[in-house]
Amino acid sequence: MSTIAAISTPHAAGGISVIRISGENALTVAEKVFFPSSKNKRPSEMNGYTCAYGNICDGDTVLDDGILTVFRAPNSYTGEDVAEISCHGGIFITEQILRLILSEGAEPAEAGEFTKRAFLNGKMSLTQAEGVMDIISAGGKAELCCASALKEGALFRRIKTVSDRVLRLLGSLAAWVDYPEDDIPAVTNEEINDTLCYANKQLDELLSSYDSGKILRKGIDTVIVGKPNVGKSTLMNLLSGCERSIVTEIAGTTRDIVEESVRLGDIVLRLSDTAGIHFTNDIVENEGVKLAKKKLGTAEMILAVFDLGAEISEEDISIAESCKGKNAIAVLNKSDLDQKFDFQSISDNFKECVILSAGSGEGAEKLAEAVEKIYKLGDIVPDAGMIVNERQRACAEKAKNSFSEAICALASGATFDAVNILIDEGENFLLELTGERASEAVVNEVFSRFCVGK
Amino acid sequence: MSYYIDSYDVAVIGAGHAGVEAALAAARLGARTVLFTISLDNIANMPCNPSIGGTAKGHLVREIDALGGEMGKAADACFIQSRMLNRGKGPAVHSLRVQADRVKYHNHMKHICEMQEGLDLKQAEVTEIRTENEKVVSVVTALGGEYKVKAAIIATGTYLKGLIHVGDVSYESGPDSTLPSRGLSDSLKSIGVKLRRFKTGTPSRVHRRSINFDLLEKQNGDEDIQPFSFETDRNGLKNVVSCYIAYTNEETHKVIRENISRSPMYSGRIEGVGPRYCPSIEDKIVRFADRARHQLFIEPMGLETDEYYLQGMSSSLPEDVQIAFLRTIKGLENVEIMRNAYAIEYDCCDPQDLKHTLEFKNIGGLYGAGQFNGTSGYEEAAAQGLIAGINAARYCKGQEGITLSRSSSYIGTLIDDLVIKGCTDPYRMMTSRSEYRLILRQDNADERLTPLGYRVGLISEERYEKFLEKQRLINDEIKRVKGKTLPPSEKLNELLEKKGTAPISGGIKMSELIKRPQISYEDLAEFDDDRPELFYEVKEQVNLQIEYEGYISRQMMEVEHVRKLEEKKLPADIDYKQIKGLSLEAQEKLDRVRPENIGQAGRISGVSPADVSVLVIWLAGQAK
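Chains as they are written, first to last, in the working numbering: chain A, 10 to 463; chain B, 155 to 778.
Check the hints yourself; a few may be wrong.
[To be verified] Covered stretches of chain A, as calculated for chain B (at least 3 residues, CB under 8 Å):
1. 31–42
2. 231–239
3. 353–364
4. 410–423
[Said to hold, decoys possible] Below are the DSS-like pairs computed for lysine-lysine, each with C-alpha atoms no more than 27 Å apart in a straight line:
5. K638(B) to K624(B)
6. K723(B) to K335(A)
7. K132(A) to K718(B)
8. K333(A) to K731(B)
9. K132(A) to K723(B)
10. K132(A) to K734(B)
11. K718(B) to K333(A)
12. K734(B) to K335(A)
13. K718(B) to K382(A)
[Stated by the list, open to error] Distance ranges between label pairs, derived from CB positions:
14. E405(B) to T170(A): 35 to 45 Å
15. R446(A) to I414(B): 28 to 38 Å
16. V291(B) to D192(A): 44 to 54 Å
17. I76(A) to G637(B): 43 to 53 Å
18. R446(A) to R350(B): 40 to 50 Å
19. P642(B) to G99(A): 49 to 59 Å
20. Q672(B) to I76(A): 46 to 56 Å
21. E406(A) to E385(B): 47 to 57 Å
22. M711(B) to I76(A): 30 to 40 Å
23. G99(A) to A656(B): 44 to 54 Å
By construction, these hints were calculated from the structure, which means they are not laboratory data. Quick reminder that beta carbons are idealized off the backbone N, C-alpha and C, glycines included.
So here's chain A without its partners, still in its complex pose (with noise of 0.2 Å):
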């Protein structure tokens, strides 16, 4: 089995966070992190359940101080070897150890997998497998929910350009080796090499972008909706502590999504203000409302907010039943007036239901408390977004890899069936990212781009 590692406390910011690396070669992966301070330790020769205290470092650069404890197989929660670092818990320096963990050879977890594996190797009984199932499905699941708002997203746009023009690139050789005696061009050692340049170059950029700080914001995906003038840019700022949307009497105000992180008790909240959902002729703020309607789709955490002091409305309740069957919270506001509105009568569309004052801040960390309520906090199964992320940055960086091995291989003179491995090993990294097969996707380009065949 192949070494695993992930952040294995709460995706949020907190005093203390775990990374945990599970498998094989768990102990030499963590030896080429973590540099105990006590010089004579070695973490590979480390005994079960024993600490170090040391650095966490990067080369030469320290991320971290932290302790590692490390566990023996079989006497760890999956069974294998496991080494557990724990750092100071700041989203981007966990995230930054992660990565450089995954960088010395280990593969991103998937939803449930420590289970998964605790279950292959006898430490739960057969009654607890059905749980590991639901959880492995249930993350698949948020993955496939998450995978339209992530197709959205800059990162997996760009993976997609770079792959499409891989797979034409694959698609002329295999053209070309498959239909020798067909009018085909022949591929140039210049095309696959302009191409795979071209391919690193976007790589490249793509992953040092990724990796410079926009992680900050991470948190939980939430989108704040309601219908006009309910309080919702109200409740941002009071949430971010600023006047970040602007707020006026004028329905329609908030027209662009204003994202904004904040820290909400133990857990970050990635915060979306969206316009207010109700039917418009105002055509600029008509595609405002689409765009909350969108990312109600998309988002991990709704919370809906409701006007206490009017009466239950049909956008109300268009609201409340789009929020069914997701981690949504009913934020009933301006608690200070006279309570007009039924909710009741949607209450079953939500998860949890709060009542403040988005004016006075009254009644806000019971807010906090319901998101912690619905995020359990102290399960281990990081969110599914995280996943798909890290996922698909170690995607790029392994197809980086083929390519510039297949550049190298190109450039000594190797022949194009083994340069073409090398490309086809590549693109099926980033094909990854869309459940494609290069092998099947080839195919179909050649029968799409060329006149061939007897």
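Please build the complex by placing chain B on the supplied structure of chain A, with the hints as guidance.
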């Protein structure tokens, strides 16, 4: 009314390229076999291109031979021009292709079948397959003769409910104006075989004297001819004909465009799904409208005929349009058509209903092979025929069927693609379909498959001994080359520089030099004083195995990974709907394909990695 005639172990229905391999393999493995054909004069006919091999197809023929099949030997005996394609693109994609004498090939194969002990040939149309308790018990001919059998192999090609289209004319027919198979489809449906319609086509044959060869590009065969069969002596093989190349032009395209409405494909009369890789000329012109010209090959059909085949010009346009567009082509201004081009529709099964042994999942002893399984091409057909024949014989003896992995061969890749992924149009083998191209080379087919052929019983003791000796020579020589250090010398450095690679200053292992793409084993002969005298085939393997060692071991790692997944067997009777955590799509796909192991499950489209994980856990739970 039917009456009893005889009893056999295996009945093979259809004597095309699949049927012939199936019947020969079954009989050679000791099964009493009967081979039915609608006409004995069409055994192993090539109703389309008189050619064997080509990219990936040449690999299939070498593999058939390595397992003990017949196609490679027959092609060696009947070829009139031979070429190794893709020289210069790397050994993995070198592909042997020959022009064959169509009539000679038929006669040769027919005679091989006639001489085969334990194999009887019958000219009869099988119209019914009878089953009892979901197992084959007999086949019945159109005349009412019943043959009791334990197993039956369907290799009906394009004959099954064959329907030919030329312009607005359609008529029931097999290929090349033969009688179609009419009754069998209904019988198959009644025993639970699902059928669908596919379509293919062939170009016209024209008379030699109506072609102006002076205006065409000539294409000759190789000087150094390599045979298909590992048993054929490479000495004495020679080319006796040339092929020619011509091109369509704007005028040709104009004639076709003006008459496109008269094509049955565009008027919607053909319901069958045509192959993407073998488009008719009208298809090419419509789909690739910007191409100013399309290439066609003009190839002789044999030595004792003046018929020529026009590769690239398949069509279902009316006869007058065919004449008109051909005569716009330079060199074909006065062309006389002898047989017109046509499209043919036929019944075939859905290969997802088959196991990897090619036996139907729901009917014991019933096998499918060739175009009936949704493929196209003589080589694809023969490969499946061989596997179906072997497995039908084993079934009769109560032995477990053999299956070939994707990493063992193109044959294994072909069958796995068919059975696991299915096909929506006639399937053609391509090198791009194999993820293991660098290990599935045509030059090492014997290394990959001859041991299996021997274990199965199709490879003789004598041939196997020879094979082992060859492997021993290869391995010894590789070991020697890896151990041998060449000292630097002026002469050696001169060679290295001439070949465009860096000179050496200290001693270097000979294998390290061979690993350089610019240097081959042969190049170093004069510096290698204790080099033994070796056959061409041995030297070739030594060179390739050393040069590609890095890539080969990389692919072997992947093979090992997949092998482990394939060791995790899935029980045949799983109720996927009861497995918690599988996505709905995965449940449906798994239920349809019913994979035999986790590796196969992961290759089904719509089964995600999360679904595979759920299956792994479910399986582990079952084991406890």
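Here's how the hints hold up against the structure:
| no. | hint | verdict |
| --- | --- | --- |
| 1 | 31–42 | violated (count 0) |
| 2 | 231–239 | violated (count 0) |
| 3 | 353–364 | violated (count 0) |
| 4 | 410–423 | holds (count 3) |
| 5 | K638(B) to K624(B) | holds (21 Å) |
| 6 | K723(B) to K335(A) | violated (37 Å) |
| 7 | K132(A) to K718(B) | holds (22 Å) |
| 8 | K333(A) to K731(B) | holds (26 Å) |
| 9 | K132(A) to K723(B) | holds (23 Å) |
| 10 | K132(A) to K734(B) | holds (21 Å) |
| 11 | K718(B) to K333(A) | violated (42 Å) |
| 12 | K734(B) to K335(A) | holds (21 Å) |
| 13 | K718(B) to K382(A) | violated (42 Å) |
| 14 | E405(B) to T170(A): 35 to 45 Å | holds (41 Å) |
| 15 | R446(A) to I414(B): 28 to 38 Å | holds (36 Å) |
| 16 | V291(B) to D192(A): 44 to 54 Å | holds (53 Å) |
| 17 | I76(A) to G637(B): 43 to 53 Å | holds (51 Å) |
| 18 | R446(A) to R350(B): 40 to 50 Å | violated (25 Å) |
| 19 | P642(B) to G99(A): 49 to 59 Å | holds (58 Å) |
| 20 | Q672(B) to I76(A): 46 to 56 Å | holds (54 Å) |
| 21 | E406(A) to E385(B): 47 to 57 Å | holds (49 Å) |
| 22 | M711(B) to I76(A): 30 to 40 Å | holds (36 Å) |
| 23 | G99(A) to A656(B): 44 to 54 Å | holds (50 Å) |
Hints 1, 2, 3, 6, 11, 13 and 18, counting from the list given before, are not met by this structure.
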